[in-house]
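J.: Residue numbers (numbering that gives the first Met the number 0), protein chains in the order written: chain A, 0 to 341; chain B, 0 to 411.
Just so you know, the hints here were simulated from the structure itself, not pulled from any lab data.
Since we're looking at a predicted model, the values are computed, not measured.
No residue lacks a Cβ here, since even glycine has one placed at the ideal position from N, Cα and C.
Incorrect hints may have been included.
Claimed, not checked - The following label-pair restraints were derived from C-beta to C-beta distances: (1) A:Pro79 with B:Gln297: 53 to 59 Å; (2) A:Arg176 with B:Lys192: 53 to 59 Å; (3) B:Gln400 with A:Leu105: 53 to 59 Å; (4) B:Ala127 with A:Leu20: 22 to 28 Å; (5) A:Asp201 with B:Lys249: 31 to 37 Å; (6) A:Ala285 with B:Gln199: 51 to 57 Å; (7) A:Ser177 with B:Thr311: 58 to 64 Å; (8) A:Pro162 with B:Ala405: 51 to 57 Å; (9) B:Ala127 with A:Val96: 36 to 42 Å.
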Amino acid sequence: MIIRLLARRPVAAGIGLIAALALPWLIYPPVAMDIMAWALLAVAVDLLLGYGGLLSFGHAAFWGTSAYTTGLIALHTGLPFPVAIVGGALAAAALAVPIGYLSVRLSGIYFAMVTLAFAQMIYFIVNQWRDVTGGENGLQGVPRELLGADLSDPFYFYYAGLPFVLLGLWAAWRIVRSPFGQVLVSIRDNPSRARALGYPVDRYRLLAFVLSAALAGLGGGVFAISHGFASLHDVYWTTSGQAVMMVILGGIGTLWGAVLGAAVIVTLNDYLATAGFEETGIVTGAIFVLIVLLFRKGLWGTGRDLLTAARARRARPAESGEDRKVEVATERPAAVAERSGG
Amino acid sequence: MKAKGLSIAVVTAGALLAGCGGGPGGGGGKISDGGVTLAVLNDQSAVYADLSGKNSVTAVEMAVADYKAKYGDKAVADKIEVISADHQNKPDLANSKAQELYDRRRADVILDVPSSAAALAVATQAKAKKKIFIDIGAATTELEGKQCNKYTFHYGYNTYMLANGTGSTVTADGAKTWYIVYPDYAFGQDMNKSFTAAIQKAGGTVVRSDPTPFPNDNFSTFLLKAPNLNPKPQVLGTMQAGGDLVNLVKQYNEYKLQDKGIDLAVGLMFITDIHSLGPDALAGTTFTDPWYWNANQQNRAWADKFMAKTGTRPSFAHAANYSAALQYLEAVQRAGTDDADAVVKELEGHTFNDVFADNATIRAEDHLLLHDVELAQVKPSSEVKEPWDYEKILKTIPAEQAFQPADGSCRL
Numbered sequence: 000m001i002i003r004l005l006a007r008r009p010v011a012a013g014i015g016l017i018a019a020l021a022l023p024w025l026i027y028p029p030v031a032m033d034i035m036a037w038a039l040l041a042v043a044v045d046l047l048l049g050y051g052g053l054l055s056f057g058h059a060a061f062w063g064t065s066a067y068t069t070g071l072i073a074l075h076t077g078l079p080f081p082v083a084i085v086g087g088a089l090a091a092a093a094l095a096v097p098i099g100y101l102s103v104r105l106s107g108i109y110f111a112m113v114t115l116a117f118a119q120m121i122y123f124i125v126n127q128w129r130d131v132t133g134g135e136n137g138l139q140g141v142p143r144e145l146l147g148a149d150l151s152d153p154f155y156f157y158y159a160g161l162p163f164v165l166l167g168l169w170a171a172w173r174i175v176r177s178p179f180g181q182v183l184v185s186i187r188d189n190p191s192r193a194r195a196l197g198y199p200v201d202r203y204r205l206l207a208f209v210l211s212a213a214l215a216g217l218g219g220g221v222f223a224i225s226h227g228f229a230s231l232h233d234v235y236w237t238t239s240g241q242a243v244m245m246v247i248l249g250g251i252g253t254l255w256g257a258v259l260g261a262a263v264i265v266t267l268n269d270y271l272a273t274a275g276f277e278e279t280g281i282v283t284g285a286i287f288v289l290i291v292l293l294f295r296k297g298l299w300g301t302g303r304d305l306l307t308a309a310r311a312r313r314a315r316p317a318e319s320g321e322d323r324k325v326e327v328a329t330e331r332p333a334a335v336a337e338r339s340g341g
Numbered sequence: 000m001k002a003k004g005l006s007i008a009v010v011t012a013g014a015l016l017a018g019c020g021g022g023p024g025g026g027g028g029k030i031s032d033g034g035v036t037l038a039v040l041n042d043q044s045a046v047y048a049d050l051s052g053k054n055s056v057t058a059v060e061m062a063v064a065d066y067k068a069k070y071g072d073k074a075v076a077d078k079i080e081v082i083s084a085d086h087q088n089k090p091d092l093a094n095s096k097a098q099e100l101y102d103r104r105r106a107d108v109i110l111d112v113p114s115s116a117a118a119l120a121v122a123t124q125a126k127a128k129k130k131i132f133i134d135i136g137a138a139t140t141e142l143e144g145k146q147c148n149k150y151t152f153h154y155g156y157n158t159y160m161l162a163n164g165t166g167s168t169v170t171a172d173g174a175k176t177w178y179i180v181y182p183d184y185a186f187g188q189d190m191n192k193s194f195t196a197a198i199q200k201a202g203g204t205v206v207r208s209d210p211t212p213f214p215n216d217n218f219s220t221f222l223l224k225a226p227n228l229n230p231k232p233q234v235l236g237t238m239q240a241g242g243d244l245v246n247l248v249k250q251y252n253e254y255k256l257q258d259k260g261i262d263l264a265v266g267l268m269f270i271t272d273i274h275s276l277g278p279d280a281l282a283g284t285t286f287t288d289p290w291y292w293n294a295n296q297q298n299r300a301w302a303d304k305f306m307a308k309t310g311t312r313p314s315f316a317h318a319a320n321y322s323a324a325l326q327y328l329e330a331v332q333r334a335g336t337d338d339a340d341a342v343v344k345e346l347e348g349h350t351f352n353d354v355f356a357d358n359a360t361i362r363a364e365d366h367l368l369l370h371d372v373e374l375a376q377v378k379p380s381s382e383v384k385e386p387w388d389y390e391k392i393l394k395t396i397p398a399e400q401a402f403q404p405a406d407g408s409c410r411l
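Could you put the whole structure together from the sequences, leaning on the hints where they help?
T.: So, in structure tokens, the structure goes:
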């Protein structure tokens, strides 16, 4: 009963929304905002990786570019922060056009390396251009202006920043579910065939890349306003790496898995900061290895499989369920959604 | 699960309410929230873990013990707690942890915070929350410059002190011509500027200064160039830090530049760097150290106590954390309260001597701690008598010469 209920889209979305709204009550509000911002970045990476088959190792470029752009707009123009965030996301998208144009022709490890290289170039520029970016000191003292409202309390700011994240997540979901998303999946599975069917493969990939960058930028903007600064760390490759790690933890090609992955990593980092371990890297690394080994499809993917398997067993209790499992293991997220939605 | 979630929510709500109710000068009580809480926020797992890290927490605990022993029943702060957090060298984590420490864990003061982006972010939080922040680990002069604020103090060292101490002293001692290599980012550029100014003031010339990529493994282009410059430089001044410094020094030794008459002076080096490289790799190198454990009997006695607790010798950062915690508690004692504004007033302009800081003043204009610093030279291993005995003190640079004059860029 519960299982069937959980699988219904409005119910699941409702639970997700309640969880998002309740988050700052359960954990420290700035950390909650971090989770939401990182979730956007992870979803952006998953959009490319899970649906486009392109592993970007350079999303820090878009996240960071937006963080700095948002910060600069908020700092120098005094415009309300939503304008700054939108400006940041647009800057990230604009940057993604040339980078994407040059990278989407490649795939696999080459694509990952080229995006990493571009991201490092952006890092270099941000580090060097200290009159504008503040170099390694970062861009400090970014205000949170919103029509005179006092948002200095991170608890209230969370609710001011949340709409952007929800908008971004909704956009990602729409993209994946749209005909565009379906074409993207077909390109991922068989680019030659998609080309033969008349789809301009590179252009589809480029658009996916730009959309993904815009989402990453949205997250970066929220992050910069939430923390009140942008730092070199935002454009460093470890940020890209962390986003990829979130996606793998949550489950590639699951979209919501990336959100879950972000929640796990951010909470873990936050917990380890005061836990008193000296080797935080070893702890995060071990957890990563364990999850990859035990949950091959990530937390979300494995959970979803278990749920579907449980439903199947309930629906056809007489059968052994052996052949059923095989089918479950290969089905695509879209197929699940279709069956559960209606 | 549900019950747990609920209880967390209740606790959170409670903490939020408490956070709003408390704050600076909270009512009639002398000590807010039932005690004084010192929080050490630093890097306990990444590059600065050895320099400061967990052992700084121990140093702060030593300061608390000494304060209690000194004042006994008369101590204004009778209940003192030391807490810590690891920012993993991530500015964003430092930022949210600082908020959490001030708001929810009731920290009255945050100490340490290495790396400049993290330090400046925490300074912004200190200003917003009106709570005290004493930075030790970061080198940026912005903390007492444009981005200074009433509640932030900078304690121990900064880029100006490092550059000026080494640059002017080495030049005054006869090495008039310099070749400077610096990593091409804000820290390196600042160091290059400060060094050049100090060298010229002392009557020397900078033959050439070259930016190097950052990070970089291969410095051969620059090192091979050095002996052929005209006039030939007497000193190679390197502003590299950490892993880059290690590479540069190794290559400097491989090319035997010292035999070619070019000495090495290092902008930023800590005893932990000498320890990891081995003294022979750096022997003869001149650098400025804010504090050295074996410089005198008083330092050594403290270092022995520190070693009994941690099993290692203290770096300057450990001693500075001890001193900062002690001076904070002394200020609380004088003020008779832990109210941030009252303690700031006590700290401003305060002059003192302690294990870390000789002839020390906390400058009222910009909250920079001025104190005597050491010009040190790395000993060759033949002269090293015991573990960590790496430095020969060439001279003590008096406080007023060691640090920059207040330039008016700070408005508290």
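J.: Does each hint hold? Answer for all of them.
T.: Tested hints:
1. A:Pro79 with B:Gln297: 53 to 59 Å: Roughly 56 Å apart at Cβ, these two residues keep to the hinted range, so it holds.
2. A:Arg176 with B:Lys192: 53 to 59 Å: Distance hint for Arg176 (chain A), Lys192 (chain B) holds at roughly 56 Å.
3. B:Gln400 with A:Leu105: 53 to 59 Å: 57 Å, holds
4. B:Ala127 with A:Leu20: 22 to 28 Å: Holds - the Cβ-Cβ distance for Ala127 (chain B) and Leu20 (chain A), about 26 Å, lies within 22 to 28 Å.
5. A:Asp201 with B:Lys249: 31 to 37 Å: This hint is violated: roughly 46 Å between Cβ atoms.
6. A:Ala285 with B:Gln199: 51 to 57 Å: 53 Å, holds
7. A:Ser177 with B:Thr311: 58 to 64 Å: For Thr311 (chain B) against Ser177 (chain A), whose Cβ atoms are near 60 Å apart, the range 58 to 64 Å holds.
8. A:Pro162 with B:Ala405: 51 to 57 Å: The hint (51 to 57 Å, Cβ to Cβ) is violated, given that Pro162 (chain A) and Ala405 (chain B) are roughly 45 Å apart.
9. B:Ala127 with A:Val96: 36 to 42 Å: 38 Å, holds
Violated hints for the displayed structure, listed by number in ascending order: 5, 8.
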